[in-house]
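**Student:** The chain contents come next:
Protein chains: 6
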Amino acid sequence: MAKTALVVSAHSADFVWRAGGAIALHAADGVAVTVVCLSYGERGESAKLWRQQGMTLEKVKAERQKEAEAAAKALGVADIEFWDLGDYPIELGQASLFRLAGLYRKVRPAFVLTHSREDPYNRDHPLVSQFAQEARIVAQAHGHNPGETVLGAPPVFLFEPHQPEQCRWMPNTLLDITPVWDKKRAAIECMAGQEHLWEYYTRVAQQRGVQAARNSDKKIAYGEAYEAVFPHVVETLVPSEGRK
Amino acid sequence: MAKTALVVSAHSADFVWRAGGAIALHAADGVAVTVVCLSYGERGESAKLWRQQGMTLEKVKAERQKEAEAAAKALGVADIEFWDLGDYPIELGQASLFRLAGLYRKVRPAFVLTHSREDPYNRDHPLVSQFAQEARIVAQAHGHNPGETVLGAPPVFLFEPHQPEQCRWMPNTLLDITPVWDKKRAAIECMAGQEHLWEYYTRVAQQRGVQAARNSDKKIAYGEAYEAVFPHVVETLVPSEGRK
Amino acid sequence: MAKTALVVSAHSADFVWRAGGAIALHAADGVAVTVVCLSYGERGESAKLWRQQGMTLEKVKAERQKEAEAAAKALGVADIEFWDLGDYPIELGQASLFRLAGLYRKVRPAFVLTHSREDPYNRDHPLVSQFAQEARIVAQAHGHNPGETVLGAPPVFLFEPHQPEQCRWMPNTLLDITPVWDKKRAAIECMAGQEHLWEYYTRVAQQRGVQAARNSDKKIAYGEAYEAVFPHVVETLVPSEGRK
Amino acid sequence: MAKTALVVSAHSADFVWRAGGAIALHAADGVAVTVVCLSYGERGESAKLWRQQGMTLEKVKAERQKEAEAAAKALGVADIEFWDLGDYPIELGQASLFRLAGLYRKVRPAFVLTHSREDPYNRDHPLVSQFAQEARIVAQAHGHNPGETVLGAPPVFLFEPHQPEQCRWMPNTLLDITPVWDKKRAAIECMAGQEHLWEYYTRVAQQRGVQAARNSDKKIAYGEAYEAVFPHVVETLVPSEGRK
Amino acid sequence: MAKTALVVSAHSADFVWRAGGAIALHAADGVAVTVVCLSYGERGESAKLWRQQGMTLEKVKAERQKEAEAAAKALGVADIEFWDLGDYPIELGQASLFRLAGLYRKVRPAFVLTHSREDPYNRDHPLVSQFAQEARIVAQAHGHNPGETVLGAPPVFLFEPHQPEQCRWMPNTLLDITPVWDKKRAAIECMAGQEHLWEYYTRVAQQRGVQAARNSDKKIAYGEAYEAVFPHVVETLVPSEGRK
Amino acid sequence: MAKTALVVSAHSADFVWRAGGAIALHAADGVAVTVVCLSYGERGESAKLWRQQGMTLEKVKAERQKEAEAAAKALGVADIEFWDLGDYPIELGQASLFRLAGLYRKVRPAFVLTHSREDPYNRDHPLVSQFAQEARIVAQAHGHNPGETVLGAPPVFLFEPHQPEQCRWMPNTLLDITPVWDKKRAAIECMAGQEHLWEYYTRVAQQRGVQAARNSDKKIAYGEAYEAVFPHVVETLVPSEGRK
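Chains as they are written, first to last, in the working numbering: chain A, 17 to 260; chain B, 17 to 260; chain C, 17 to 260; chain D, 17 to 260; chain E, 17 to 260; chain F, 17 to 260.
You can trust all of the hints, since none of them are fake.
The list cannot tell twin chains apart, which means a pair is met if one copy fits it or any two copies do.
Below, simulated DSS-like cross-link-like pairs (lysine-lysine); rule was C-alpha separation at most 30 angstroms, straight line:
| hint | residue 1 | residue 2 |
| --- | --- | --- |
| 1 | Lys19 | Lys235 |
| 2 | Lys89 | Lys122 |
| 3 | Lys122 | Lys19 |
| 4 | Lys64 | Lys234 |
| 5 | Lys64 | Lys75 |
| 6 | Lys122 | Lys64 |
| 7 | Lys122 | Lys234 |
| 8 | Lys234 | Lys19 |
| 9 | Lys64 | Lys19 |
| 10 | Lys64 | Lys235 |
| 11 | Lys82 | Lys122 |
| 12 | Lys235 | Lys122 |
| 13 | Lys19 | Lys82 |
| 14 | Lys89 | Lys75 |
| 15 | Lys89 | Lys19 |
The hints are simulated quantities; they were obtained by calculation from the structure and are not laboratory data.
Please construct the entire structure, taking both the sequences and the accompanying hints into account.
**Tutor:** Here's what the structure looks like:
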């Protein structure tokens with residue numbers, strides 16, 4: 017049976033900048049990746065759109081959804097959902113919590129990607145990180161919708177925030193995304209409203225690539241960094257051989 | 017070509033309590049494991065021997081070496097070396113540093129195991145941790161014995177100290193050692209001089225086993241915990257399938 | 017006048033695994049211990065019960081309450097309350113906050129036990145830790161129900177979570193529970209629904225016992241570890257003599 | 017155009033003890049300082065008032081407002097607002113969040129002062145710290161009340177809590193308040209209801225003054241310490257010359 | 017048999033500022049306190065003396081010893097030793113390590129006081145902290161001077177550095193020194209060469225006194241703060257009654 | 017009188033990658049910058065040179081010195097010294113410590129730049145950081161070469177290591193180096209032996225530039241990040257106006 021993965025993104029562009037490589041890489045390997053955009057980032061992350069004449073909240077959302085869908089397609093996302101929960105601040109109540117727990121049980125992801133625990137520049141990101149982790153725990157509870165199969169213990173990886181050190185985020189996992197870099201760049205270029213970030217996140221991928229190479233003796237040009245929330249459970253300490 | 021591993025142990029019993037499972041597991045998989053015992057722990061970790069009448073430093077060392085060799089055999093160690101550098105405090109000068117750098121280059125380990133960075137109960141352990149990491153860096157230097165092939169970047173894992181929280185040691189890697197638990201227990205029982213620790217470290221393996229199972233949905237009865245010094249460099253975020 | 021203590025437990029079994037020794041020990045010394053179970057853990061910590069045919073939320077709660085009452089009796093708890101606030105997630109509003117503040121003022125505990133500040137495996141635990149500490153602060157406020165005697169500053173100790181290092185919990189207080197170990201084990205065995213944890217927490221007590229002995233030169237077989245939230249205020253730095 | 021600053025104070029006395037020097041200093045330099053007292057601290061920080069016969073919540077608030085206004089005058093505050101949101105616990109909903117975001121946009125502060133991130137003695141303080149930072153982020157969002165000029169990125173400084181180490185608060189900025197110490201002391205003496213704190217916070221100012229001198233070779237008698245949330249962005253690393 | 021304590025002081029005045037209260041308090045209770053001044057602080061902590069005409073290293077040392085002896089007498093120190101190991105930097109070799117280990121075994125202290133682990137303002141202090149802890153470990157080793165009785169596990173408390181937060185030092189133990197404050201102040205006034213510190217450390221004692229009172233409901237006017245290196249091993253969680 | 021600054025560089029290229037912008041910026045402002053290269057990095061940081069036929073240690077050093085002198089010239093360094101203390105490991109004894117203390121007193125820097133406190137990839141860097149800080153403390157000691165004017169308390173800034181998060185280094189100061197970026201790039205291009213790092217450190221400057229702009233509302237294209245060791249002592253909390 018095909019593997020799956022779940023990406024919980026606060027705003028509709030976060031999954032592109034922060035996890036586009038992981039998504040494309042696993043999609044290319046046959047993993048069915050579901051992305052949930054809890055909000056469009058319509059208030060707080062759409063400055064360029066708001067500078068246009070006659071802009072409204074609904075137009076911003078529509079534009080953002082279009083961009084995110086295009087990016088998802090470029091990355092090979094299997095399913096993308098938009099929950100429209102608002103932003104700055106995002107509204108995360110119990111109904112959404114149970115909805116996300118339900119999605120965990122439906123998708124049964126092999127791994128989960130979401131935001132960092134702290135971010136002094138962005139309040140929605142740590143709230144979503146907490147929320148995504150809590151929904152995973154609810155999905156593990158036998159008394160939540162008894163009769164449904166409970167979730168196991170998929171690892172959770174926190175993706176790179178904009179200013180990593182200020183978020184007390186520690187990259188302890190470096191993913192080689194060289195083979196899919198073109199797809200990530202293509203997805204990034206779908207984000208017309210945030211063009212000022214294109215080069216920034218391209219350089220992030222280059223720096224993490226150099227670091228991944230330095231930590232492994234492998235040839236790696238582009239990387240994505242993650243902080244694993246839980247210990248890695250392994251059957252060997254010998255590193256993988258790397259890509260051929 | 018066969019893989020190799022290097023274990024840098026402050027005293028001649030540390031590799032048994034702290035890394036016996038990893039050693040036996042990889043040895044069983046064909047990895048040639050070299051263990052360096054920098055000291056016998058003759059002054060500080062041989063209380064029971066010193067309670068015997070007529071004990072001398074040389075007799076303690078001889079006894080400790082015998083025990084360690086028996087344990088190494090039980091674990092399937094390919095090579096064990098005793099450097100007799102003294103303990104409490106251990107004496108780690110530049111000659112030993114270069115000797116260890118040389119061993120790194122000779123062994124070319126796929127991974128390295130050594131002590132935690134801090135330990136308020138034991139001064140030799142953090143000194144050895146620092147020393148083992150420094151020798152690895154020297155072995156990477158092109159100007160150290162030019163002409164020799166330099167070392168790559170093998171990952172370093174820090175093994176579990178006696179009182180983990182007090183050593184600010186964070187287990188971020190859990191190794192399933194269930195298949196070789198019998199060998200680890202046999203090696204533990206070679207340590208006649210420290211019988212009071214047999215059950216303690218058996219329970220450590222059981223607790224880490226339960227935790228590894230909880231973090232992975234795999235069936236794991238015995239575990240060893242490690243703190244990875246460097247980020248894991250990976251080609252996938254999908255966890256391994258576990259043992260069949 | 018008799019001393020008192022207050023234990024704030026997220027779910028109806030937590031006080032047993034995590035504080036059973038402290039409860040039995042102080043009860044045996046004449047301290048009247050009040051335990052508040054804010055929830056039954058009916059959804060998230062009752063897997064075994066849910067595997068039974070025809071199980072309902074009410075049956076789970078009834079069963080959990082019966083087990084907790086039996087355990088409380090085995091430990092010598094003076095009073096146990098079940099607040100039935102739900103779990104996964106627990107619902108902690110202002111009414112409950114003021115109710116707990118009222119209990120603080122009624123009990124006037126010499127010390128307080130509750131959960132760790134963080135726990136990536138369990139969202140209710142850190143929420144309850146925060147809640148128990150906040151209620152203590154409300155109980156100290158002169159303007160809260162003016163006329164009532166305000167609470168002083170009882171120390172708060174955070175009990176050991178399931179995977180201590182992952183919760184960034186630091187055991188800075190080790191309690192010798194050897195004299196009451198039999199009672200704690202008896203209480204543990206009342207938890208029929210979580211038999212898989214009996215041996216795990218027995219080993220925890222053994223490990224903490226060994227560590228307590230190592231940190232004190234006292235003969236200690238079983239221990240419980242706590243993280244004190246506030247500084248210890250003392251009149252001497254000479255350690256106690258230990259049990260006779 | 018005159019510079020401005022914004023102080024977000026949980027209770028109506030906090031801005032005096034914790035930021036009175038900064039306020040007086042900048043006011044004297046022509047900075048228009050706005051202070052928002054989110055609550056009066058009527059329940060939790062007015063012990064002395066509650067010991068008076070016939071005291072009511074309204075009387076406490078009135079008294080606290082009078083004291084705060086007198087202190088504000090002594091410090092040269094340009095504007096002080098009382099939002100009366102309650103205390104122990106403070107109630108901080110979305111309406112207040114947007115109100116504070118609006119104030120940010122109106123004031124357009126050159127810098128912001130508020131509470132520390134943690135405080136085990138006081139739950140309102142960290143809640144207000146989070147709230148003040150979140151409102152700043154909302155005020156930066158282009159989609160929040162589109163058409164209004166968005167806020168830039170004023171630095172945020174966290175003021176000193178009562179027991180600094182216990183709050184994991186790190187003073188990385190020391191402000192010389194020697195020239196305005198008399199004003200701060202005068203403001204402190206307006207706080208009739210908390211006379212027990214006068215000398216305590218005078219000593220805090222003296223200790224921070226000594227430390228500021230030690231870190232700078234300048235003559236400084238009184239200081240205030242702050243933790244900057246964000247990196248200092250500077251055009252030179254040469255320290256300022258100090259006061260003439 | 018009388019209890020004993022050991023204070024390991026980097027320079028000849030540190031034990032006064034940082035532990036004078038603890039020394040006087042325990043001395044008054046019949047504890048025989050040994051103070052080791054590893055250096056006089058003749059180069060780095062004698063600015064006032066060096067401003068005198070014709071000063072030499074030997075004169076500074078003689079003056080510092082005289083002051084320290086007077087202070088020790090005021091505090092009721094049982095024994096004070098001056099090891100003259102130099103300062104800025106202090107020279108701590110193996111001979112001194114074994115000498116201190118010998119002193120541990122001779123004194124057999126119920127507790128140990130020494131410096132903080134870090135201090136960016138003073139390099140000798142953390143070196144001495146490390147050294148004092150290492151000597152304690154050597155003294156515990158059965159193979160160190162076999163035949164001698166080995167040391168047990170006395171708790172170690174780290175005293176307050178000059179700028180506590182900058183040293184990442186966490187006060188987790190507050191000692192009530194009110195009954196002996198007069199003696200500590202008298203000892204402080206023996207330090208003629210560092211008069212600028214008298215009021216500073218008087219205020220430190222007052223602040224720690226207020227904090228100790230706040231954390232305990234006891235009446236405490238003067239305090240000393242310590243960071244315990246090891247967990248407290250206790251038989252009860254009920255706080256002491258305080259002084260009568 | 018002209019201001020001065022001191023840069024303590026472990027190897028002869030570190031000052032270029034890590035502090036070239038700060039050097040050029042201050043030099044352009046008339047600050048006389050002294051750079052000390054404690055070692056050439058001849059063994060550990062000259063891989064490309066060692067790949068050449070017939071290379072010797074002396075040739076590597078000569079080449080490295082030539083490159084460093086060219087870079088220093090490009091940056092406007094007032095004085096550069098090569099102490100040739102060896103690398104991997106660097107040898108830092110008391111004679112060098114006193115030599116550096118002497119240089120501190122001679123230069124009397126307004127600020128000091130050196131390496132991060134930790135670096136698991138490079139042992140010399142943290143050793144030099146410790147050493148540079150210790151020499152500063154010795155230079156402050158009145159008893160060190162009495163008669164010389166003692167050093168004040170210049171701030172120390174730690175420059176950015178190669179993999180910042182892994183070094184637990186926290187950038188709390190961002191310097192705008194836009195006006196001198198061309199000079200830094202020119203200096204970088206003098207480092208012929210490490211061409212693989214040119215683009216890496218160019219991207220570092222771009223990323224820090226974006227972050228500096230985000231934290232300040234200023235137009236900044238290139239930045240350097242530093243961790244201040246000591247608190248900033250300031251007379252105002254109003255940020256500077258930025259470059260015109």
